[in-house]
Amino acid sequence: MDTTKVIDWDKVGRDAQQKRIFTQLTFIIPVAVLFVMVILAIFAPLLAPYPYDQIAMSDRLMAPFFMDGGSTSHILGTDNMGRDILSRLIYGAQISLSVAVMVIAITAGIGTALGIVSGYIGGRTDAFLMRITDISLAFPAILIAILLAATIGPGYWTVVIALSFLGWAPYARLIRGEALKLREADFVAQARIIGTSPMRVMIRHIFPNIINPLIIMVTLSVGMVILTEAILSYLGAGIPAPAASWGNMVNDGRTYIDTAWWISFFPGAAIGLVVLAGNFLGDWLRDKLDPRLRQI
Amino acid sequence: MSKVLLQVEDLHSFFFTRKGVVKAVDGISFHVNEGETFGIVGESGCGKTVTGLSILRLLPEPAGQIVGGKIILDGTNLLELDKKEMRTYRGRVISMILQDPMTSLNPVYTIGNQIAETVRLHQGLRDEKVDEEVISALRLLDIPSPEVVMGDYPFQLSGGMRQRVVGAIAMSCHPRLLIADEPTTALDATIQAQYIALFKDVQKKTNVSIIFITHDFGVVSNMCHRVAVMYAGKILETATTREIFKEPKHPYTSALMESVPHLGQKSGRLYSIKGQPPSLRDLPPGCRFFPRCPVAEDICQQQEPAEVEISEGHFVSCWKVK
Numbered sequence: 000m001d002t003t004k005v006i007d008w009d010k011v012g013r014d015a016q017q018k019r020i021f022t023q024l025t026f027i028i029p030v031a032v033l034f035v036m037v038i039l040a041i042f043a044p045l046l047a048p049y050p051y052d053q054i055a056m057s058d059r060l061m062a063p064f065f066m067d068g069g070s071t072s073h074i075l076g077t078d079n080m081g082r083d084i085l086s087r088l089i090y091g092a093q094i095s096l097s098v099a100v101m102v103i104a105i106t107a108g109i110g111t112a113l114g115i116v117s118g119y120i121g122g123r124t125d126a127f128l129m130r131i132t133d134i135s136l137a138f139p140a141i142l143i144a145i146l147l148a149a150t151i152g153p154g155y156w157t158v159v160i161a162l163s164f165l166g167w168a169p170y171a172r173l174i175r176g177e178a179l180k181l182r183e184a185d186f187v188a189q190a191r192i193i194g195t196s197p198m199r200v201m202i203r204h205i206f207p208n209i210i211n212p213l214i215i216m217v218t219l220s221v222g223m224v225i226l227t228e229a230i231l232s233y234l235g236a237g238i239p240a241p242a243a244s245w246g247n248m249v250n251d252g253r254t255y256i257d258t259a260w261w262i263s264f265f266p267g268a269a270i271g272l273v274v275l276a277g278n279f280l281g282d283w284l285r286d287k288l289d290p291r292l293r294q295i
Numbered sequence: 010m011s012k013v014l015l016q017v018e019d020l021h022s023f024f025f026t027r028k029g030v031v032k033a034v035d036g037i038s039f040h041v042n043e044g045e046t047f048g049i050v051g052e053s054g055c056g057k058t059v060t061g062l063s064i065l066r067l068l069p070e071p072a073g074q075i076v077g078g079k080i081i082l083d084g085t086n087l088l089e090l091d092k093k094e095m096r097t098y099r100g101r102v103i104s105m106i107l108q109d110p111m112t113s114l115n116p117v118y119t120i121g122n123q124i125a126e127t128v129r130l131h132q133g134l135r136d137e138k139v140d141e142e143v144i145s146a147l148r149l150l151d152i153p154s155p156e157v158v159m160g161d162y163p164f165q166l167s168g169g170m171r172q173r174v175v176g177a178i179a180m181s182c183h184p185r186l187l188i189a190d191e192p193t194t195a196l197d198a199t200i201q202a203q204y205i206a207l208f209k210d211v212q213k214k215t216n217v218s219i220i221f222i223t224h225d226f227g228v229v230s231n232m233c234h235r236v237a238v239m240y241a242g243k244i245l246e247t248a249t250t251r252e253i254f255k256e257p258k259h260p261y262t263s264a265l266m267e268s269v270p271h272l273g274q275k276s277g278r279l280y281s282i283k284g285q286p287p288s289l290r291d292l293p294p295g296c297r298f299f300p301r302c303p304v305a306e307d308i309c310q311q312q313e314p315a316e317v318e319i320s321e322g323h324f325v326s327c328w329k330v331k
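Read top to bottom, the protein sequences are chains A and B.
If you read the first sequence in my numbering, its first letter stands for residue 0, the second for the next number, and so on.
If you read the second sequence in my numbering, its first letter stands for residue 10, the second for the next number, and so on.
None of these hints come from the bench; they were simulated from the model.
Computed from a prediction, not measured in an experiment: that's the story for all the values here.
Among the hints, a few may not be true.
Unchecked claim - Taking lysine to any residue and the SDA-like style, the derived pairs with C-alpha atoms no more than 25 Å apart in a straight line are:
| no. | chain 1 | residue 1 | chain 2 | residue 2 |
| --- | --- | --- | --- | --- |
| 1 | B | K92 | A | K10 |
| 2 | B | K213 | B | T194 |
| 3 | B | K92 | B | H40 |
| 4 | B | K92 | A | K287 |
| 5 | B | K92 | A | W260 |
| 6 | B | K28 | A | G121 |
| 7 | A | K287 | B | V102 |
| 8 | A | K287 | B | P116 |
| 9 | B | K214 | B | E142 |
| 10 | B | K213 | B | K283 |
| 11 | B | K255 | B | F299 |
| 12 | A | K287 | B | Q165 |
| 13 | B | K214 | B | L149 |
| 14 | B | K214 | B | V102 |
| 15 | A | K180 | A | I120 |
| 16 | B | K213 | B | R101 |
| 17 | B | K255 | B | P270 |
| 18 | B | K93 | A | I120 |
| 19 | B | K214 | B | K93 |
| 20 | B | K12 | B | D210 |
| 21 | B | K92 | A | G121 |
| 22 | A | K287 | B | Y118 |
| 23 | A | K180 | A | W156 |
| 24 | A | K10 | A | Q23 |
| 25 | B | K92 | A | A184 |
| 26 | A | K180 | B | K28 |
| 27 | A | K180 | B | R27 |
| 28 | B | K12 | B | E318 |
| 29 | B | K213 | B | G44 |
| 30 | B | K28 | A | I214 |
| 31 | B | K138 | A | T124 |
| 32 | B | K93 | A | S57 |
| 33 | B | K138 | A | S196 |
| 34 | B | K209 | B | G277 |
| 35 | B | K93 | A | K287 |
| 36 | B | K283 | B | A305 |
| 37 | B | K92 | A | F127 |
| 38 | A | K180 | B | A72 |
| 39 | B | K329 | B | F39 |
Chain A on its own, in the form it takes in the complex (with noise of 0.2 Å):
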């Protein structure tokens, strides 16, 4: 019997190469969905067709253009209180963005600097941080955020310091196992030879080598922010009516769920959608920066 298997390298060949579109199209779609989430959040009094607040009760509950009873005056149709669903969408990007990159600067900063810091000097400065950052990680991070708005009143700020106040952790984390790696490079020990301070040894040399894993870190964090930001505007204790949010506009359907599904349905799509990019963006990178992972 032939046990010879015949290889079509041309099969092998049309493979690959659907396999390269493929992880090509993972990297081009969420770019462009959050390439679009950010152009209507910058300009969105210029693209929304009403004013996100402007309450018009004769046209409450109105649906989208494609059903029946809906019209092209508003194509996603209108809320509870008549207001442009649309509108409130493009307007929504805006805080959900804007929550996004707000904490996650502050996250990133304070996480990075402590990891470097705990990583590099070690000892009992490490020691010390960690158990800090343990602690941190041991709340429930959405009860914490709660608690704070319950205490702080309901707000845009009160929903970026509640999410940056235990966000900074997870970097932390990630940045001193990082640290500790770089500390014992060659690099490191050449830049101390040369007689490099270690305030200098940290921001020159450990900072640029850890940017990798930084970088696939807030991507991936961008997703899981607007979703805590979604669930909190859900539960009341995020950003207050009438400002729109994904979340709160989710929370405002809830009662017409049966009779008017577009309220939650669309600011709910557009949290999937943006989370989804997000994360897929950031395995993209994750494969592509990660060395250990990187294919030929």
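Following the hints, put chain B in place on chain A, whose structure we already have.
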């Protein structure tokens, strides 16, 4: 007679680990003259590198500590300097080259940028002057077209070229003492020979003193004026290179010499010293080499031999050598 630049006296560097104290350097003394190359030879783990790092005071703290002795450079005891003063010595007065050129350059900066860092740190020059210094450092190490190499990243250079760049970084501030920790070990044989020739040339041009740490007697004979043979944290014999090769006095030195293959040697098994070096955690009493020594006597096991000067500049620690 040339002036003494570095005097190391009774240096003790220990590592305090969970399993006990590791006496990596256990009371060594030597000096290095100006413009001289001083070799430290020994098996791996005998304390060569720790000696080098101790001079720069860069032992991995808190485990590694210098617990005793003096390191006097040009009249200043380095062990008495505070951290900040010590930093001004590193790179400017004393410099070091590490073993592996593949990992001792920072992958994210260009060559020029990395050399410039040292220059800026110690010389406080303006940008145009910095570039000049960088180029002259690259020229000193005989790197072709320095203006181009300056803009390259480490991964764009070959191993030999990278080791030259590491040398250029070390020499960029015209240090008086250069500690070279097995700089040729990671290079292949032809590049090794080039690198050694290059260093002799650099020394001629700059009159820098070099402490050359190696386990390769071939390199020693080529490069060093004087040599110390280290074993298990101690120096067993110090002499000029010529004398060590002609008349090794310590049984360990002679044994080492015999275990080096010679060109034209009749084939047969190469000589090797029986046994293993002692654990630095648990040193035997008496002479450290005793358990492996072919000529040992009772006294060797009981008492540690003192260092004796048997002829000018030739020191040996052995009961059998008078």
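*asked:* Tell me the hint numbers this structure goes against, listed in increasing order.
replied: 1, 4, 5, 7, 10, 19, 23, 30, 31, 32, 34, 35
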